[in-house]
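Student: Based on the sequences and whatever the hints tell you, model everything.
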Amino acid sequence: MHTMPRSARSTMTFALHVLLLTLVLAVPCAEARSGGPAGKPRVRSLSPRLAAARDLGPAPAEAPTTVLVSLALRGRTALERFLQDVQDPTSPRYHRYLEQRRFVAHHAPTVKQEQAVIAYLEQHGFRITYRATNRLLVGAEGSVAATEQAFGARLHDVVVGGEVRRAALEEPTVPADLADYVVGILGLGDAGDMKSHLKPHPASRQAPGDACCAFGPPELARFYDSATGYDGRGQTIAIVGLYAWSPADVSAFDRLFGLPPLPAGSTQICTGSSARAAGCAYSPGLSAEVSLDVEYAHATAPRAKIINYMAASPTYGDFAVLYNTVVAGGGRRAARSARGSAGWVVTTSFGTCESTVPDAWLATYDNILANANAIGQSWFAASGDYGSRDCNDVPSVDFPASSPHVVGVGGTTPMCDNPATCDRYGYETAWSGSGGGRSKFFARPAFQHGCGVPEGSHRLVPDVALASDPLPGIFYRHAGAWHVTGGTSAAAPQWAGFFAQLNQRASQRGLRAGRDSGGDGAGNPAARLYALCGSDVFHDVLEGDNGDYQATPGYDMTTGLGSVDVSSLLTQY
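Per the numbering used here, the sequence shown runs over residues 168 to 740.
The set of hints was computed from the structure by calculation and includes no laboratory data.
Do not rely on the hints blindly, as some may be mistaken.
Unchecked claim - In silico DMTMM-like cross-links for lysine to aspartate or glutamate, where the CA-CA straight-line distance does not exceed 25 Å:
no.	residue 1	residue 2
1	K207	E289
2	K279	D344
3	K362	D715
4	K362	D560
5	K472	D398
6	K366	D715
7	K279	D347
8	K472	D392
9	K472	D732
10	K607	E337
11	K279	E308
12	K607	D560
13	K472	D421
14	K607	D360
15	K207	E337
16	K366	D712
17	K366	E710
18	K607	D347
19	K366	E330
20	K607	D712
21	K366	D421
22	K207	D344
23	K607	D715
24	K362	E330
Tutor: Listed below in structure tokens is the structure:
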């Protein structure tokens, strides 16, 4: 593995990146110090979308409410330094990930802080419904009257985006002694939900072979050189999203393409309070995303165990609980080994426009994702399917792909030299729908520099790419029929599968054996991926655009570093 020596310049550069990242992620707590009633600080918890909401009047005082209080990590600067070192081959901490219990001991909110939040909620008549094992979240149920009294914000029914929602008219307040470690009071003004990134082909009901030239697993394996001899054995891929897959669909997909059945231990886990939660059910109309995800994660790593973690609903609150369960445990059926979820590869095809999400939510999610990286988890997220304008017809990016603790996966339009066989790599252009651009919330991570990365202080999206254009699209099985689809959600689960192969190879070669660490995974692989820019690991995409941004040599905000040659990735990573 090629490594670069450290220098004073790189150390200073990293320190600046950590300072910027820490300042950005501290925004909700810092803004909490603006004054509220009786001198109580306000915490920035409401969606910018509420500024255009139509007020329908006060909510009934006795109506039920649900809140999720988010607590801040401790030692955030030290944590970001650790996350840098753990990816630096010259550091003695290289790939020495934390066990979850050590992460909690060093970086989680303290027991005293969590208990103070619980006591405050109970004092105002709330019933505690959720406590996170890493103490980052406290969920509670109460009434409108109790919520208004506890947080000094009037709750009204409003119309936003054509939907009736209940929201606070002003940012909530907390007592001064809680303000230093409360990130936000979540659930008082979300004004949005998580959505999938799936783009069906206009001719959506086809059987493989009916028409040229949609891709299936064999064509993709030849195109991206992913028939490496590794199959993900001994690894776990977690799918993070909504709804259940149909075992019959997965079995039919496997039979057609000659894949083995899902390995023992593959399962589906509801992270809601009830297994009957809507987000945890199978739906012919809504489960298409998870059908695609499981089939292509399985196709790229056929011996990796796959676990589908489902949110109870698409709300931001239920997704926060979902993320945290994948990272820290606590799900209803989330039986864990001694190492828990350390070292897992995680893929998610659900996201939302970053600029519509309350700052407190973004900081909350990213705290959880930093925990994930610290224990060796690698997260891959679809970058969105609306090009450079993820919402509101202005340049914007999709979250969680915009998090610096996630690898954002964009999209390409693949072309075969010989469409009849597609027996090797041809070429690719940037797909017009590939989500990309500049984050308005997250600071530029230290790994994102050089190789064509433009100057600036904010996180850029995406990092990498893969075939996503619904024309030609890829085949998948759903609701008893064959379909053709595209979208960056077709790309993220395949990248997860590639890293399951990579982790298997590293484990078999003893590259991470015998370490006093939380897991044997790659953690956040972005630093190494950017170091490989310009090598034959990547197919540099040079043509096409996603609206505001053009494909260019090196990094660009359409396809990131480019698509991948998997065999080269495994040998050079």
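Student: For every hint, state whether the structure bears it out.
Tutor: Hints and how they fare:
1. Proposed proximity of K207 and E289 is supported: the alpha carbons are some 19 Å apart, at most 25 Å.
2. For the given pair, K279 sits about 12 Å from D344 by alpha-carbon distance, which is consistent with the 25 Å threshold.
3. A hinted pair counts as satisfied when its Cα atoms are at most 25 Å apart, and K362 with D715 qualifies at roughly 23 Å.
4. Our distance criterion of 25 Å between C-alpha atoms is met by K362 and D560, whose separation comes to about 18 Å.
5. Our distance criterion of 25 Å between C-alpha atoms is met by K472 and D398, whose separation comes to about 11 Å.
6. Distance check on the hinted pair: K366 and D715 sit about 20 Å apart at the alpha-carbon level, within 25 Å; holds.
7. Between K279 and D347 the alpha-carbon distance is near 13 Å, which keeps this suggested pair within the 25 Å criterion.
8. Note on K472 and D392: the hinted pairing holds, with a Cα-Cα distance of about 22 Å set against a maximum of 25 Å.
9. With a C-alpha separation of about 23 Å, the suggested pair K472 and D732 falls inside the 25 Å cut-off, and the hint holds.
10. Note on K607 and E337: the hinted pairing holds, with a Cα-Cα distance of about 22 Å set against a maximum of 25 Å.
11. Among the hinted pairs, K279 with E308 is consistent with the structure: their alpha-carbon atoms are about 21 Å apart, no more than 25 Å.
12. Among the hinted pairs, K607 with D560 is consistent with the structure: their alpha-carbon atoms are about 15 Å apart, no more than 25 Å.
13. Proximity of K472 to D421 is assessed by CA-CA distance (about 15 Å); at most 25 Å being required, the pair is judged to hold.
14. The suggested pairing of K607 with D360 holds, with an alpha-carbon distance near 19 Å, which does not exceed 25 Å.
15. At most 25 Å may separate the alpha-carbon atoms for a hinted pair to count; K207 and E337 meet this at roughly 13 Å.
16. Between the alpha carbons of K366 and D712 the distance comes to roughly 18 Å, so the proposed pair stays at or under 25 Å and holds.
17. For the given pair, K366 sits about 21 Å from E710 by alpha-carbon distance, which is consistent with the 25 Å threshold.
18. With a CA separation close to 24 Å, the supplied pair K607 and D347 stays within the 25 Å bound.
19. The hinted pair formed by K366 and E330 meets the criterion: a straight-line CA distance of about 24 Å does not exceed 25 Å.
20. Pair hint K607 plus D712 holds up; C-alpha atoms about 21 Å apart against a cutoff of 25 Å.
21. Simply put, K366 and D421 have alpha-carbon atoms about 22 Å apart, close enough for the 25 Å limit, and the pair holds.
22. For the proposed pair K207 and D344, the alpha carbon gap of about 9 Å is at most 25 Å, so the pair holds.
23. Annotation: proposed proximity of K607 to D715 holds, straight-line Cα distance about 16 Å (limit 25 Å).
24. A hinted pair counts as satisfied when its Cα atoms are at most 25 Å apart, and K362 with E330 qualifies at roughly 15 Å.
Violated hints are absent here; each numbered hint is respected by the structure.
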